[in-house]
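Construct all of the structure, not just a fragment, from the sequences and the given hints.
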Amino acid sequence: MWYNIIPSFAITTGMLAIPAVFIAGLHKLVYDNFYERDLQYPHQRNMYLRDGRISGSPWKIVGLEAIPDEDGAKE
1 MWYNIIPSFA
11 ITTGMLAIPA
21 VFIAGLHKLV
31 YDNFYERDLQ
41 YPHQRNMYLR
51 DGRISGSPWK
61 IVGLEAIPDE
71 DGAKE
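Residue numbers (full-length UniProt numbering): 1 to 75.
These are calculated hints, taken from the structure and not from any lab test. Some hints could be false.
Here are the in silico distance ranges between beta carbons for each label pair [what the hints assert, rightly or not]:
1) A66 to A10: 40 to 46 angstroms
2) R53 to A10: 44 to 50 angstroms
3) N46 to N4: 49 to 55 angstroms
Just so it is clear, CB atoms sit at the ideal spot from N, CA and C, and this is done for glycine as well.
Shown next as structure tokens:
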């Protein structure tokens with residue numbers, strides 16, 4: 001019957017998921033972040049350099065709260 005493919009489908013899906021889970025765990029262990037930075041496009045390279053400049057580590061992604069305010073900024 002059709003349900004005979006379920007074990008082989010589960011094994012195949014599980015084996016295909018192993019590299020993704022392994023790489024995510026490796027990045028969390030090494031970079032303290034689950035994601036690899038992709039530097040293929042200029043905008044991505046600029047964000048990589050910006051994060052390195054603002055947080056001190058390009059692997060630690062920060063938001064607007066880490067950007068210092070300008071002195072004498074108008075509100």
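Hint check results:
Between A66 and A10 the Cβ separation comes to about 43 angstroms, which falls inside the hinted range of 40 to 46 angstroms. At about 46 angstroms, the CB distance of R53 to A10 agrees with the hint of 44 to 50 angstroms. A hinted range of 49 to 55 angstroms for the beta carbons of N46 and N4 is consistent with their spacing of about 52 angstroms.
When held up to the earlier numbered hints, the structure conflicts with none and fits them all.
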